[in-house]
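Chains as they are written, first to last, in the UniProt record's numbering: chain A, 1 to 365; chain B, 1 to 298.
Honestly, the hints are just simulated from the structure, not real lab data.
Even glycine gets a Cβ: it sits at the ideal position worked out from N, Cα and C.
Keep in mind that a hint or two might mislead.
Listed next, with one range per pair, are the computed distances between beta-carbon atoms [as the list claims (entries may be wrong)]:
1. A:Ala111 <-> B:Ile117: 32 to 38 Å
2. A:Pro71 <-> B:Trp66: 50 to 56 Å
3. A:Pro71 <-> B:Asp238: 26 to 32 Å
4. A:Pro71 <-> B:Ile131: 26 to 32 Å
5. B:Ala183 <-> A:Thr170: 32 to 38 Å
6. B:Asn146 <-> A:Asp69: 48 to 54 Å
7. A:Pro237 <-> B:Ala183: 37 to 43 Å
Looking from chain B toward chain A, a few residues come up when the C-beta cut is under 10 Å (computed) [stated by the list, open to error]:
8. Arg54
9. Asp129
10. Val194
11. Asp195
12. Gly196
13. Cys197
14. Thr198
15. Val206
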Amino acid sequence: MATVSLKKLTKRYGPLEIVHGIDLEVADREFIALVGPSGCGKSTTLRMIAGLEEISGGAVEIGGKVVNDLPPRSRNISMVFQSYALYPHMTVRENMGFSLKIAGRSQDEIAKRVDEAAAILDLNHLLERRPSQLSGGQRQRVAMGRAIVRDPDVFLFDEPLSNLDAKLRTQMRTEIKKLHAKVKSTVVYVTHDQVEAMTLSDRIVIMRDGYIEQVGTPDEVFKRPATRFVAGFIGSPPMNLREAIVTDGKLAFPNGTKLPLPRQFRDRVAAGDKVVFGLRPDDAYPTGHGLHSGEETDVHALELPVTVTEPLGNETLVFADFDGADLVARMLNPRPLKSGDKVNMSFDLSQAHLFSAETGRTLRA
Amino acid sequence: MKNWKLSAPFLLLLPSFIVLAAVVIVPLLLSFYSSFTPFRLTKPESFFVFIGLRNYINILSDWNFWVAFGRTVLLLTIALNLEMLLGLGLALLVEKASRGQRILRTIMMFPMMFSPILVGFQFKFMFNDNIGLVNNALQALGITNNAIPWLIDGTLAFIAILTAEIWSSTSVFAILILAGLLAMPREPVEAARVDGCTPWQTFRYVTWPFLMPFAYIAMTIRSLDVARAYDIVKIMTDGGPAGRTELIWTLVARTGYSDARMGVANAMAYFSILLSILFTVYFFRKLAAARTQIGAEW
Chain A
1 MATVSLKKLT KRYGPLEIVH GIDLEVADRE FIALVGPSGC GKSTTLRMIA
51 GLEEISGGAV EIGGKVVNDL PPRSRNISMV FQSYALYPHM TVRENMGFSL
101 KIAGRSQDEI AKRVDEAAAI LDLNHLLERR PSQLSGGQRQ RVAMGRAIVR
151 DPDVFLFDEP LSNLDAKLRT QMRTEIKKLH AKVKSTVVYV THDQVEAMTL
201 SDRIVIMRDG YIEQVGTPDE VFKRPATRFV AGFIGSPPMN LREAIVTDGK
251 LAFPNGTKLP LPRQFRDRVA AGDKVVFGLR PDDAYPTGHG LHSGEETDVH
301 ALELPVTVTE PLGNETLVFA DFDGADLVAR MLNPRPLKSG DKVNMSFDLS
351 QAHLFSAETG RTLRA
Chain B
1 MKNWKLSAPF LLLLPSFIVL AAVVIVPLLL SFYSSFTPFR LTKPESFFVF
51 IGLRNYINIL SDWNFWVAFG RTVLLLTIAL NLEMLLGLGL ALLVEKASRG
101 QRILRTIMMF PMMFSPILVG FQFKFMFNDN IGLVNNALQA LGITNNAIPW
151 LIDGTLAFIA ILTAEIWSST SVFAILILAG LLAMPREPVE AARVDGCTPW
201 QTFRYVTWPF LMPFAYIAMT IRSLDVARAY DIVKIMTDGG PAGRTELIWT
251 LVARTGYSDA RMGVANAMAY FSILLSILFT VYFFRKLAAA RTQIGAEW
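Only chain A is shown next, with the shape it has when bound in the complex (with noise of 0.2 Å):
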C-alpha cells in the first residue's frame, strides 16, 4: 500500500490548460473522492496517476516515488472503468486473471487468488461466463475483482457507478464500502455524484475547472464548504444560496425582504459588503417541523406563500416565496400544504452561511 501525492500536478492540450497545477496528498490506506462538475478535470487527473494521459507539468508520486514518467504497468496500480472495460474475448476467470498471467504468475497462484477475489465480490457462479452474458452490476463487479487481483499499491476507480441503474448504484455503493473495509488499500475514486462521495470516501476534493476548491472529510466540506461552488454542490437538495447586501446588522435581499445579520458573522462584515447568504434546506422549516426545532439558538421566522411541495413520506419539501424566488425547505413530521398557502418559515440562523459575492469565499473566521 503507498501514500500518493500531487505536486503542481498541471494538465495541457496545446494551449488550453486543463488542471492548473493543483497540490494533494492521499494518505496511505485512505478513501478519497475526487467530485465534481464535468469537465472539472477530475477524470484527466485520476488519469494522469494511472500513467494514461500525460504530465504536462508537476509530478504524482506514489509510495514517495515519482511515476511521471513510467507507464501504467510499472506503477503498480489497478483501475476500474466507467465502462468496465472487461476483455470481451475472456471468461470472468481470465479476466480476473490476465493481470497476473501476463506477470507471469503460476497457474495454481492465479486460480487461487482469482477465486479469492471471486469470493470477496460473490462470483463464484460466474466464473465461466463471458462478460456478453452478464447484466451491468455483475460487469462492475468484475471489473472490481480486476483490481483486486492484483493487490495493487493504488486502486483508482473513474465514475465506476455511473452506467448503472440508480438501484443497483445503491447497492454497489454499499459493496464497495464494505471493499474498502475488507480490502484495506489506498483508493483514488472520481465521481460526478456527491451523494457517492460523500457516502464512501474519508476526504472529499472538490474541483471545479481544474482547480481544487475544497479538500475536507465530508462532515467539514458539508458543514464548513469554504466556497459558494462547494455550498451549492454538496448536499441534496442543494443549499439555498442567494446574494445580499449588508446594512446596519441586516441582510437586505434585492427585492426588500430582510434577514438578522447571523451572530457569527457580525465582525466579519461591514455595512455595504455584498455577500451571498446560503441556508441548508435541513435549517430552513415551517416552524416546528425542523431537524433542531426547539434548540435553535438564532432563529428568525417570516410568513411566506408556499409554491409547490414534494411529499417524499417521511418529510416533504416545501418550495416556498423568499424575496422573489423559490427557497427549499425541509418539513419533518409533515402536515398537508397547498400551494398558495401562507407558512410560518423558521430561519436558523446559526446555521447560516456566508460568501463573499465577489470571491465566492467563506466568510467565516
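Take the given structure of chain A and dock chain B to it, following the hints.
Structure of chain B alone, referenced to chain A:
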C-alpha cells in the same frame, strides 16, 4: 381457361424470373451439363454426346491440372497472409496518424481504383527484364549487373505476380482492419496497459482478438478474389512461360477457348468452384467463432 388465373405478385415477378433464367439459370445448367459431354466449340454436335464423369476423371488424373490447382492455392495462401500482415501494419499506422487521416485513407484506396488489367500491364512493364523499373533500380543501386528475368523464370514470375496482386489488394485488409480499429472501444486497451501489458502484449491479447472478425471478412472477400485470379496473370505472363505460372482459371480459359474443349473446361471450372466454396465456408466458420469470442453484437 378458368384455372389460368395467376396471382398478381407472381405475374409482376415473372419478367425478372424469365430474365434471370435466361442469363443465369439456363447457362449454369447448360454448362454443368456440358461438363458431362466431350463438347468442343468446333464440333457443335458433340454437345449431345453424354460421356458421364469421363471429363472429371480425366482432369483429376491430369498432372497439369493439379499443378495449376496447387499453384492457385499457394498464391492464395501467400498473398492472403502477406496482405493481412501488410494491411494490419498500414491500418495500425494510419490509426496512429493524428492529422490527415482521411487523406491517408483515401490514398490507401488508390490501388483498388485501378482495373486489374491495367495493374497487370503496369507490373509487366516494371518487371520487364530489359526496360523495367525493377531491374533498372537494382542495377543503378549496384545490387546486380544482370538483367534478372523476372517474368521468364517460373519462381520469379510467381513472385512478380504475387507482388502485383498484393499491391493492388492490400488495402482491402487495411480498410477493413482500420474500420475495426476505429470501432474498437478504448477502455479495454487502457485496462490492459494498467494490468501490466507491454504494447506488444496489449496488441496480442486485446487488440488482435477484437480485430480478428474484421480480418476474416477481408480474408473471405480476398480468398474468392484470388481463387478466381485471371486478369493480372493473363496480362503479365499468360500462364507462361511454358505453363510455369498457370493458375486454374488461365488453364480453364486456355482449355475452353484456345483448345476449344469446352466440356473439359467446364468440368475444371466446376471442380475449382469447389475450392472457392471450401475457402468461404472455412473463413465464415472462423468469422463466426471470432465474433462469438469477442461477444460482438453484430
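Hints versus structure:
The given range of 32 to 38 Å is broken by Ala111 (chain A) and Ile117 (chain B), whose C-beta atoms sit roughly 60 Å from each other. At about 54 Å, the CB distance of Pro71 (chain A) to Trp66 (chain B) agrees with the hint of 50 to 56 Å. At roughly 55 Å, the beta carbons of Pro71 (chain A) and Asp238 (chain B) sit outside the given window of 26 to 32 Å. Distance hint check for Pro71 (chain A) and Ile131 (chain B): the Cβ-Cβ separation is about 52 Å, which falls outside the suggested range of 26 to 32 Å.
For the pair Ala183 (chain B) and Thr170 (chain A), the supplied restraint of 32 to 38 Å holds, since their beta-carbon distance comes to about 34 Å. Distance hint check: the CB atoms of Asn146 (chain B) and Asp69 (chain A) are about 53 Å apart, consistent with the given range 48 to 54 Å. Checked against the hint of 37 to 43 Å, the C-beta distance between Pro237 (chain A) and Ala183 (chain B) comes to roughly 42 Å, which is consistent with it. Taking 10 Å as the C-beta contact cut-off toward chain A, the hint placing Arg54 (chain B) at the interface is violated, the least distance being around 51 Å.
The closest approach between the C-beta of Asp129 (chain B) and any C-beta of chain A is roughly 49 Å, which is over the 10 Å cut-off, so the hint fails. With 10 Å as the threshold, the beta carbon of Val194 (chain B) comes within range of chain A, its nearest partner Cβ sitting at about 5 Å, so the hint holds. Against a cut-off of 10 Å between C-beta atoms, the interface hint on Asp195 (chain B) holds, since the closest Cβ of chain A lies about 4 Å away. Below 10 Å, beta-carbon pairs count as interface contacts, and Gly196 (chain B) has one with chain A at about 4 Å; its hint therefore holds.
Hint status for Cys197 (chain B) relative to chain A: holds, with the closest Cβ pair at about 6 Å, below 10 Å. For Thr198 (chain B), the interface hint holds, since its Cβ comes within 10 Å of a Cβ in chain A; the closest pair sits about 7 Å apart. With a cut of 10 Å, the hint placing Val206 (chain B) at the interface with chain A holds, because the nearest CB-to-CB distance is about 6 Å.
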